[in-house]
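Protein chains in written order, with the working numbering: chain A, 1 to 431; chain B, 1 to 431.
Honestly, the hints are just simulated from the structure, not real lab data. Glycine included, C-beta positions come from ideal geometry on N, C-alpha and C. The reader is advised that the hints may include incorrect statements.
Output of the computed footprint for chain B on chain A, the stretches with three or more beta carbons under 8 angstroms from beta carbons of chain B [to be verified]:
1) 115-124
2) 130-138
3) 292-302
4) 324-334
Take a look at the letters that make up each chain.
There are 2 protein chains.
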Amino acid sequence: MKRICVGILGFGTVGAGVARGLLENADVLRERTGLDLHLAKIADLDVTTDRGVAVPEGVLCTDAFAAVRDPAVQVVVELIGGTGVAKKLVEEALRAGKPVVTANKKLLAESGAELFALAAEKGVDLFFGASVGGGIPVIRSLRDGLAGCRVEKAYGILNGTCNYILTAMEKDGAPFADVLAQAQKLGFAEADPTLDVDGFDTLHKAAILASLAWGVRPDVHALSVRGIRGTVEAADIAEARAMGYRVKLLAVEKLHPEGLELRVAPTLVPADSMLGSVSGVFNAALFKSDMDDWTLHYGRGAGRLPTAATVVGDVAEAARNLAAGTHRPVAMPLAADPPAILPEGDVVSRFYVNLSLEDRPGSLAAATAAFAAHGVSISSAVQRGASEDGFATVVVLTHEARRADLGAALSAIEDLPVCGASPRWLGIEDF
Amino acid sequence: MKRICVGILGFGTVGAGVARGLLENADVLRERTGLDLHLAKIADLDVTTDRGVAVPEGVLCTDAFAAVRDPAVQVVVELIGGTGVAKKLVEEALRAGKPVVTANKKLLAESGAELFALAAEKGVDLFFGASVGGGIPVIRSLRDGLAGCRVEKAYGILNGTCNYILTAMEKDGAPFADVLAQAQKLGFAEADPTLDVDGFDTLHKAAILASLAWGVRPDVHALSVRGIRGTVEAADIAEARAMGYRVKLLAVEKLHPEGLELRVAPTLVPADSMLGSVSGVFNAALFKSDMDDWTLHYGRGAGRLPTAATVVGDVAEAARNLAAGTHRPVAMPLAADPPAILPEGDVVSRFYVNLSLEDRPGSLAAATAAFAAHGVSISSAVQRGASEDGFATVVVLTHEARRADLGAALSAIEDLPVCGASPRWLGIEDF
Chain A
1 MKRICVGILG FGTVGAGVAR GLLENADVLR ERTGLDLHLA KIADLDVTTD
51 RGVAVPEGVL CTDAFAAVRD PAVQVVVELI GGTGVAKKLV EEALRAGKPV
101 VTANKKLLAE SGAELFALAA EKGVDLFFGA SVGGGIPVIR SLRDGLAGCR
151 VEKAYGILNG TCNYILTAME KDGAPFADVL AQAQKLGFAE ADPTLDVDGF
201 DTLHKAAILA SLAWGVRPDV HALSVRGIRG TVEAADIAEA RAMGYRVKLL
251 AVEKLHPEGL ELRVAPTLVP ADSMLGSVSG VFNAALFKSD MDDWTLHYGR
301 GAGRLPTAAT VVGDVAEAAR NLAAGTHRPV AMPLAADPPA ILPEGDVVSR
351 FYVNLSLEDR PGSLAAATAA FAAHGVSISS AVQRGASEDG FATVVVLTHE
401 ARRADLGAAL SAIEDLPVCG ASPRWLGIED F
Chain B
1 MKRICVGILG FGTVGAGVAR GLLENADVLR ERTGLDLHLA KIADLDVTTD
51 RGVAVPEGVL CTDAFAAVRD PAVQVVVELI GGTGVAKKLV EEALRAGKPV
101 VTANKKLLAE SGAELFALAA EKGVDLFFGA SVGGGIPVIR SLRDGLAGCR
151 VEKAYGILNG TCNYILTAME KDGAPFADVL AQAQKLGFAE ADPTLDVDGF
201 DTLHKAAILA SLAWGVRPDV HALSVRGIRG TVEAADIAEA RAMGYRVKLL
251 AVEKLHPEGL ELRVAPTLVP ADSMLGSVSG VFNAALFKSD MDDWTLHYGR
301 GAGRLPTAAT VVGDVAEAAR NLAAGTHRPV AMPLAADPPA ILPEGDVVSR
351 FYVNLSLEDR PGSLAAATAA FAAHGVSISS AVQRGASEDG FATVVVLTHE
401 ARRADLGAAL SAIEDLPVCG ASPRWLGIED F
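Full structure from sequences and hints, please.
Put into C-alpha cells, the structure is as follows:
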C-alpha cells in the first residue's frame with residue numbers, strides 16, 4: 001500500500017482534530033482511500049501545550065517553513081489562519097508541487113484568484129472544503145454529487161452563532177443582547193461578534209458557494225448584507241412562528257435571466273421546511289438544480305472535530321490524486337460569461353413588516369396608502385393590540401415587491417406623524 | 001482537453017435522463033472535471049420511441065454487447081436492470097477494463113461480491129451511487145465527505161413511495177388502502193407495491209449503507225423488516241402527531257459494543273427533527289460519526305433526472321479516474337472482523353403501543369400487569385374514550401425495552417379476555 005505523508009501547519013483546535021483523525025482513524029482511511037495516510041509533521045510555535053492527542057515522537061516541530069520544505073511532507077494542511085505567514089506557506093507548498101488543504105476563508109477571499117492560478121500552473125490540488133459549512137461536505141457535494149447539474153438556486157444557513165442566537169430568541173423570547181451575552185459566555189460567540197452577527201461570515205461563505213455554482217467572482221464589499229443585530233426582535237420571531245415561519249439568517253442565491261440574486265439577510269422560512277428545521281449551531285445548504293431538483297446538506301458548521309472531518313476528507317482526496325499523479329481542475333474558474341449580480345433594489349420577494357402606529361382611526365389608512373403609492377401590494381395587515389404608550393403594532397405581509405419599493409414605502413411611513421418606532425422588515429422565502 | 005467516451009446501456013427513463021445530462025450539461029461537466037465527456041453510444045432494443053432527448057446520429061444502437069465491445073466506449077453505464085443480461089454486460093465491461101456505473105440494486109445484492117472482486121482484479125471502478133437515495137449523493141458523502149470518520153449510527157428514509165403514503169395519511173387522515181390506491185393512480189406506487197410498502201426496498205438500501213459504513217455483508221433475508229402495510233393506521237399517525245412525533249418508515253443502524261443493530265420499521269421520530277421534516281416522496285439519510293457528529297443528506301429518492309444526476313456524478317468520477325490511470329479501492333470490502341448483526345429480539349428501544357381494551361374497570365390493570373410481567377416499563381398510558389362497541393383505545397408509551405419482551409407482553413395482552421382488536425406497536429427513535 002502506497003504511503004502519503006501529511007504535514008499540518010498550525011496545531012490549534014482544528015489542527016489537533018485533524019491529527020486525531022489521521023492518527024486514530026488511519027484504518028478507516030486506508031480502507032476508503034487505498035492509501036496509508038501518514039502524519040509526518042505538525043508545525044506550531046507552541047509544541048508543549050497538551051492538545052489531547054498522542055503525537056508520535058519527532059512529528060512536532062516549530063518551523064512551519066521547514067515542514068513545508070521537508071521532502072517527507074507530500075500534502076500540506078494549512079490551519080494557521082490569517083493572510084500573512086499562511087499565504088507564504090501555501091505559496092511555497094504549491095510552488096514545490098505539494099497539494100494544499102486549507103480552511104482559511106480569509107486567505108481565499110483575499111488571494112484566492114492568485115493562489116488558484118498558482119495551483120493550476122503547478123498542476124496540484126488546492127482544497128478548501130472546510131471553509132464553508134464546517135463539517136458539512138457541502139463543497140464536495142456541489143463539485144461531485146451535482147457535477148452534472150446546473151444550479152438554479154442556493155440557500156444557506158451558514159453561521160452557527162447566528163442560528164444559535166435566533167433559535168434561543170425563539171425559544172426563550174429573550175432579547176438579542178441577552179442571548180448574545182449568553183452565547184459569548186458559552187463560547188458560541190466571539191468577544192467581538194461583528195463578523196458573525198452582522199452577516200459578513202455568512203456573506204463570505206455565500207460568495208464561495210456562488211463562485212463554485214456560477215463561476216462568478218463577486219466583490220463582497222458591494223454585496224447586500226444584513227445581519228441579525230438591530231434587524232430582528234424576539235417579537236418578530238414570535239409573529240413569524242404564529243404564521244408558520246421561522247427566522248433564519250439566510251444566504252439567498254438565485255439565477256434569474258437578468259442576473260444573479262446574491263444576498264444575506266434574516267429571512268422568514270416555513271417552519272416545517274427542511275431549512276426551517278435547522279436549529280441551534282447546525283448549518284445547512286439547500287440547492288435547486290436542473291437535474292437533481294432539491295438537495296439539502298446539513299451538519300455542524302463549526303467545531304474541532306467536524307471541521308477536522310472535512311479537512312481530512314480533503315486530505316484523503318488530495319492524497320489519492322497525488323498517488324495517481326493527477327489533480328482536480330481549479331475549483332472556482334471564472335466563467336467565460338459570468339452572470340451580473342443584480343442590484344439590491346431590484347430584488348423581488350415577499351416581505352414581513354412590523355409597524356408601530358398611533359392607535360387611532362386613520363393610522364392604518366395612512367400606512368397602507370404609503371405602501372400603495374410605492375407599488376407595494378399588501379396581502380394582510382393585522383393589528384396586535386395597543387401598547388401603553390398609545391401606539392399599536394401592525395404586522396403587514398406584502399405580496400412580491402421590489403426591495404427598493406419596499407424601502408421607499410417604509411421611509412414614507414417613517415415620516416408619517418402617526419408612526420412610532422421605526423418600521424422593521426424581513427424578507428420571506430418559500431421553498 | 002481529454003475526451004472520455006461514454007456508452008449507455010438501456011434507454012429507459014433514467015437512461016434518457018443520463019443522456020440529457022451528458023448532452024445538455026456538457027459545458028458544466030467540462031468545467032468541473034476538466035474532461036470532455038462524450039456520449040458515444042446508447043444501446044436499447046427500442047430505438048424508435050421518442051424519449052424527449054435529441055440524440056446525435058449514429059449514437060443509438062440495438063446491440064448492447066457490441067456497444068460494450070466498441071473501442072470508442074470507455075465508460076459503461078448499465079441501466080437495463082435485472083440480473084440476467086445486465087450482469088453479463090457488466091462482467092464483459094469490467095473484464096475489458098472499462099469502468100462501470102450502475103443503479104442496479106438487485107444486481108449488487110445478488111452478485112455484488114463477485115462483481116466487486118472482478119472490478120478489483122481488473123483495477124477498474126464499479127460505481128453504484130444511484131442505488132441508494134436516488135438523487136441524493138449519499139454514498140459519495142459517506143465515502144468522501146466522511147472518509148476519515150467512524151460511523152456510529154445511520155438512519156434513513158429511503159423509500160419515496162412509503163414516505164408519500166405516510167405523509168398523505170397524516171395530512172388527510174385517510175386509511176392506508178385508499179392512499180395506496182391514489183399513489184398508484186398518480187404513478188408514485190407500483191401496481192404490485194410489495195417491494196416498497198413491505199419494506200424490502202428500504203432494507204436492500206439499508207444493507208448497502210451498512211456495508212459501506214461497517215464492512216458487513218448482511219444476509220438480507222435474515223434481517224428484521226416491517227413495512228407500512230398492516231402496521232400503521234391513520235389513528236396511530238394522529239396519536240404520534242399529538243405527541244410531537246411523525247411516523248416514518250425508517251432504516252435504523254447502530255453500532256453497539258455487542259454488535260450491529262440493523263433493521264427497517266415504521267418508527268416515531270420527533271416531528272421537528274430533520275428526519276421528521278422529510279415529507280412526500282423525498283428521502284434522507286442521517287449519519288452520526290465520531291468526528292463529524294450529525295450530518296444529513298436529503299433529496300429526491302427517485303425520478304428520471306435526480307437519479308440520472310447521481311449516475312452522471314459517478315460517470316464524472318469514473319472518467320476522471322480513467323483519464324488519470326487510476327481507480328478507487330473497492331467500495332464495499334468485507335471488514336476483517338465485521339460486527340455481528342444483533343438478533344431482532346435483543347434490540348432495545350422505546351415503544352408506542354395502541355391497545356383496544358374493554359371499557360370497564362380492571363381492563364387497564366390487566367394490560368399493565370402483562371407489561372410488568374414481561375419486564376416492560378410503562379412511561380404513560382392514556383385512554384382515548386370508548387368506541388361504540390364497548391372497547392376503548394389506550395395509547396401506551398414504554399420506557400426502553402427489549403423488542404422480544406415487548407412482543408411477549410403484547411401476546412399476553414392479546415390473550416386477555418378484555419382485549420379487542422390486536423395491539424399495534426411502533427418503535428420510537430429520538431435524535
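Hint by hint, here is what the structure shows:
| no. | hint | verdict |
| --- | --- | --- |
| 1 | 115-124 | violated (count 0) |
| 2 | 130-138 | holds (count 3) |
| 3 | 292-302 | holds (count 9) |
| 4 | 324-334 | holds (count 6) |
The structure is inconsistent with hint 1 alone, although it conforms to all the rest.
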